[in-house]
Amino acid sequence: MSDYDAIVVGAGNAGSAAAITMASKGLSVLLVDRSDPPGTKNLSGGVLWGNDLAKILPKWQSEAPLERFIQDKKIGFLTEKSSIIIDFKTKVFEENKVGHTVLRSKFDPWLAKKAKEAGATVIPGITVESLVKKDGKIIGVEESGDAVTSNVVILAEGINPRLAIEAGLRPPLQDWEVSVGVKEIIKLSPQKIEDRFNLSSTSGLASEYILGNLGELNAGAFFYTNKDSISLGIVAPMERLRENGVTHTYDIIEQFKEHPSIAPLIDGGTVAEYGAHMIPEGGLEMVPQLFGDGYMIVGDSAGFGFSNGLVLQGMNYAFLSGIFAGEAAVEAKSRNDFSSSSLSTYKRKLDNSYVLKDLRTFKDLRKVTNNKSMYTTYPKMLESILLEMLWERGQPKKKVREILGSCAADLNVGKLKTATDFYYMYRRM
Amino acid sequence: MILDIKERLGKTKYDIDKSYAHITVDDRICEKCPHHFCVMACPAQCYTMQDGKLNFQYEDCVECGTCSIACDQGSVKWNFPKAGKGVIYKYG
Amino acid sequence: MLKIAVMIKQVPDSQDISIDPVTKTLNRSMARNVVNPPDVNATEAAIQLKDKYGGEITVITMGPPMADTALLQLMGMGADNGVLVTDRVFAGADTWPTGFTLASVADFLGGFDVIFCGEETTDSSTGHVGPGIAEFLGYEQATYVHKVEYENGFLIVVRDIEGAEETIKIGTPAVLTITLNANEPRNPTLKRKIDAYKKGIRLVTNKELRLDPACIGLKGSPTIVKDMKTVPDPIKNPSKPTIEELDKVVSVLIEKGVVK
Numbered sequence: 003m004s005d006y007d008a009i010v011v012g013a014g015n016a017g018s019a020a021a022i023t024m025a026s027k028g029l030s031v032l033l034v035d036r037s038d039p040p041g042t043k044n045l046s047g048g049v050l051w052g053n054d055l056a057k058i059l060p061k062w063q064s065e066a067p068l069e070r071f072i073q074d075k076k077i078g079f080l081t082e083k084s085s086i087i088i089d090f091k092t093k094v095f096e097e098n099k100v101g102h103t104v105l106r107s108k109f110d111p112w113l114a115k116k117a118k119e120a121g122a123t124v125i126p127g128i129t130v131e132s133l134v135k136k137d138g139k140i141i142g143v144e145e146s147g148d149a150v151t152s153n154v155v156i157l158a159e160g161i162n163p164r165l166a167i168e169a170g171l172r173p174p175l176q177d178w179e180v181s182v183g184v185k186e187i188i189k190l191s192p193q194k195i196e197d198r199f200n201l202s203s204t205s206g207l208a209s210e211y212i213l214g215n216l217g218e219l220n221a222g223a224f225f226y227t228n229k230d231s232i233s234l235g236i237v238a239p240m241e242r243l244r245e246n247g248v249t250h251t252y253d254i255i256e257q258f259k260e261h262p263s264i265a266p267l268i269d270g271g272t273v274a275e276y277g278a279h280m281i282p283e284g285g286l287e288m289v290p291q292l293f294g295d296g297y298m299i300v301g302d303s304a305g306f307g308f309s310n311g312l313v314l315q316g317m318n319y320a321f322l323s324g325i326f327a328g329e330a331a332v333e334a335k336s337r338n339d340f341s342s343s344s345l346s347t348y349k350r351k352l353d354n355s356y357v358l359k360d361l362r363t364f365k366d367l368r369k370v371t372n373n374k375s376m377y378t379t380y381p382k383m384l385e386s387i388l389l390e391m392l393w394e395r396g397q398p399k400k401k402v403r404e405i406l407g408s409c410a411a412d413l414n415v416g417k418l419k420t421a422t423d424f425y426y427m428y429r430r431m
Numbered sequence: 799m800i801l802d803i804k805e806r807l808g809k810t811k812y813d814i815d816k817s818y819a820h821i822t823v824d825d826r827i828c829e830k831c832p833h834h835f836c837v838m839a840c841p842a843q844c845y846t847m848q849d850g851k852l853n854f855q856y857e858d859c860v861e862c863g864t865c866s867i868a869c870d871q872g873s874v875k876w877n878f879p880k881a882g883k884g885v886i887y888k889y890g
Numbered sequence: 330m331l332k333i334a335v336m337i338k339q340v341p342d343s344q345d346i347s348i349d350p351v352t353k354t355l356n357r358s359m360a361r362n363v364v365n366p367p368d369v370n371a372t373e374a375a376i377q378l379k380d381k382y383g384g385e386i387t388v389i390t391m392g393p394p395m396a397d398t399a400l401l402q403l404m405g406m407g408a409d410n411g412v413l414v415t416d417r418v419f420a421g422a423d424t425w426p427t428g429f430t431l432a433s434v435a436d437f438l439g440g441f442d443v444i445f446c447g448e449e450t451t452d453s454s455t456g457h458v459g460p461g462i463a464e465f466l467g468y469e470q471a472t473y474v475h476k477v478e479y480e481n482g483f484l485i486v487v488r489d490i491e492g493a494e495e496t497i498k499i500g501t502p503a504v505l506t507i508t509l510n511a512n513e514p515r516n517p518t519l520k521r522k523i524d525a526y527k528k529g530i531r532l533v534t535n536k537e538l539r540l541d542p543a544c545i546g547l548k549g550s551p552t553i554v555k556d557m558k559t560v561p562d563p564i565k566n567p568s569k570p571t572i573e574e575l576d577k578v579v580s581v582l583i584e585k586g587v588v589k
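Protein chains in written order, with the working numbering: chain A, 3 to 431; chain B, 799 to 890; chain C, 330 to 589.
Hints are computed from structural coordinates only; laboratory data are not their basis. Treat each hint with caution, since some may be false.
[Unchecked claim] Over 12 Å on every C-beta distance to chain B, these chain C residues come out as not near it, computed from the model: (1) A420; (2) D442; (3) E469; (4) I485; (5) D541; (6) K548.
[Stated by the list, open to error] Pairwise CB distance ranges (calculated): (7) C:S358 - A:S64: 20 to 28 Å; (8) A:K136 - B:N853: 39 to 47 Å; (9) C:A543 - B:I814: 44 to 52 Å; (10) C:G482 - B:I814: 38 to 46 Å; (11) C:L532 - A:G170: 43 to 51 Å; (12) B:K804 - C:M557: 29 to 37 Å; (13) A:G170 - C:D409: 21 to 29 Å.
[Stated by the list, open to error] The calculated DSBU-like cross-link candidates involving lysine-lysine, where the alpha carbons are at most 35 Å apart (straight line), are: (14) A:K335 - A:K61; (15) A:K400 - A:K369; (16) A:K118 - C:K379; (17) B:K811 - C:K558; (18) C:K527 - C:K379; (19) A:K75 - B:K809; (20) A:K99 - A:K359; (21) A:K115 - B:K811; (22) C:K558 - A:K108; (23) A:K75 - B:K830; (24) C:K527 - B:K809.
We put the CB at the ideal spot given by N, CA and C, even for glycine.
Start from the sequences, fold in the hints, and give me the full structure.
Here you go:
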């Protein structure tokens, strides 16, 4: 007889969503998190798309500690001197209000509290040391020499899945699977935020940039407004960082802050917190075996994330994978069978959802985000074209075709390479 | 607005476990390391070079795990801190 | 079998408290609630005493319902029972009615051989409550203790007195207040935390205690805060020492043999 039906390791979005799903269906659930209160070691860029959260918490929009709903979404390129931005503002965002900025140290404790209210035993401040195996099955967790057993263990450890790696459920992470995210919270009064970004007291801005001013680091950046602060940070692929070998990750974010188009946006603000976190970037190739006898892997631990340089998502995948794992456990309980084949319904649910569909659709995306030209040549090319077109300097005007030709020549890129790059970008994105 | 890394880390809250280092490095391996990429990769400047020798301190660690991948020499032994100790994000 | 109590308080983490630059009042809005740090040392001292001489430990706090997490934390370390004294009539108490109420709770629970407290709380730093409990109960007391032994019904304790230590022998029942960093508190374990969660916390209100409303809470508090002043940060704009002054410091250090 196990101590619990399910033990969930990690009270982030995926873990708490799984715990809520199971506890509300009457399963006995233990949710353990290494921080106290649960979630206060978590960190994310800060934009949450909550469609899936509504499945388990229909009133999330009014109850959750959210910062601002995304009304204005910007994507663009930065070069050394310029910024080229698409500013997408739509009534659709305002009518639906599913995208919100959040601060995880406020949001995650709320979600864990919901798990407690649903009936789960929530234990914060405990680091699970290892998984307990018996006859090839995962049968529980171990801490300080004590084993606590369950029919199923849901691993929601986050991007650094020590237990799964140690138990041989997934190989150690490789460079190509992760990016390093570095983030700062900049305090700024609500008044300043609303005036500066043309926002109401509840609306917010989310910007994502390709950093064309940092050479072949292939780094991106984000800039989000909270109620009385800004979340900003950079994301740099580990592969490129290693190849570069001379740039400190903690310097890249300051370079972003110093950019002529970013510095005025944070003027008068003060840094309130500094942090870092890894981000899954490996796409479908990094997804491990997602279930087995007595276990399932969810959220970042499973590599569920989406990033193409301009869009950065993971929390939505975390919610949905957590909910699916929870549902699979509930079904397994009704069959009283927690074997690999019984838990395979988790994978089937993922297969039929946007989680694995997205990862399949964009399985070649890394070839685009790995393309150094995306971060070096093309932002500069765009800048040159716009300078030619928009900067009146008393010279004869050129046709776009000529501009393109001379830009390509200036930047020393072949037309064929450009054409092929754009063709593949078109195919893969 | 541009702050030195030490000053930025000073803004972040920690409850340091003085009796347990959750990350350890093997000096003998680090001595022979051809790249010391950890120094570049660690966002919290826990790894520094001093007189040609790698110096490591865990106190400023923000527990991102980057060094566990950055180190491909088998020197870094990485665990999570115990009992909620370590970094405590107030915003996250 | 010693009957041991630990009186504890949940406080805002002092690291999280800032002074609002405009209103000059304490800003606790971002503060995480933690167990008052020396109370964790007091709990550790209690557990060590129990491990050595046998006994049962009850952790007791007076506070709002959310203070149960503090009790669960300490039960996770090894305390056996948790008692939360919670009632609106206790709110607003200064150190006098707090000592009185906690002493009454100890009495209500049948009295104890040893009651441990932290030396003081980080949110008011009076150090009154421990001695207050002892006086209201008529127990022996020793303050600023960092070492405790038990022998034939007596406690041999080592106290920190400024610049020295004092070892004294006192009878039981007694109240001991334990210094911050007196020991290295053990971590809570998963198993003990689960057990604590299952066991639950006993709630005590004034329905059970039946204390005179005039002696508890705000009504029973003789302290009146007349004024509050923010003292300017002394480190700001220090006057730089002159070369002559520095020379003087160096010559004194050489004289004393500190530097050569």
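Hint by hint, here is what the structure shows:
| no. | hint | result |
| --- | --- | --- |
| 1 | A420 | holds (27 Å) |
| 2 | D442 | holds (29 Å) |
| 3 | E469 | holds (33 Å) |
| 4 | I485 | holds (27 Å) |
| 5 | D541 | holds (41 Å) |
| 6 | K548 | holds (36 Å) |
| 7 | C:S358 - A:S64: 20 to 28 Å | holds (21 Å) |
| 8 | A:K136 - B:N853: 39 to 47 Å | holds (43 Å) |
| 9 | C:A543 - B:I814: 44 to 52 Å | holds (46 Å) |
| 10 | C:G482 - B:I814: 38 to 46 Å | holds (41 Å) |
| 11 | C:L532 - A:G170: 43 to 51 Å | holds (46 Å) |
| 12 | B:K804 - C:M557: 29 to 37 Å | holds (34 Å) |
| 13 | A:G170 - C:D409: 21 to 29 Å | violated (39 Å) |
| 14 | A:K335 - A:K61 | holds (28 Å) |
| 15 | A:K400 - A:K369 | holds (33 Å) |
| 16 | A:K118 - C:K379 | holds (32 Å) |
| 17 | B:K811 - C:K558 | holds (27 Å) |
| 18 | C:K527 - C:K379 | holds (22 Å) |
| 19 | A:K75 - B:K809 | holds (29 Å) |
| 20 | A:K99 - A:K359 | holds (24 Å) |
| 21 | A:K115 - B:K811 | holds (23 Å) |
| 22 | C:K558 - A:K108 | holds (32 Å) |
| 23 | A:K75 - B:K830 | violated (48 Å) |
| 24 | C:K527 - B:K809 | violated (38 Å) |
Comparing the model with each earlier hint shows violations of hints 13, 23, 24; every other hint is respected.
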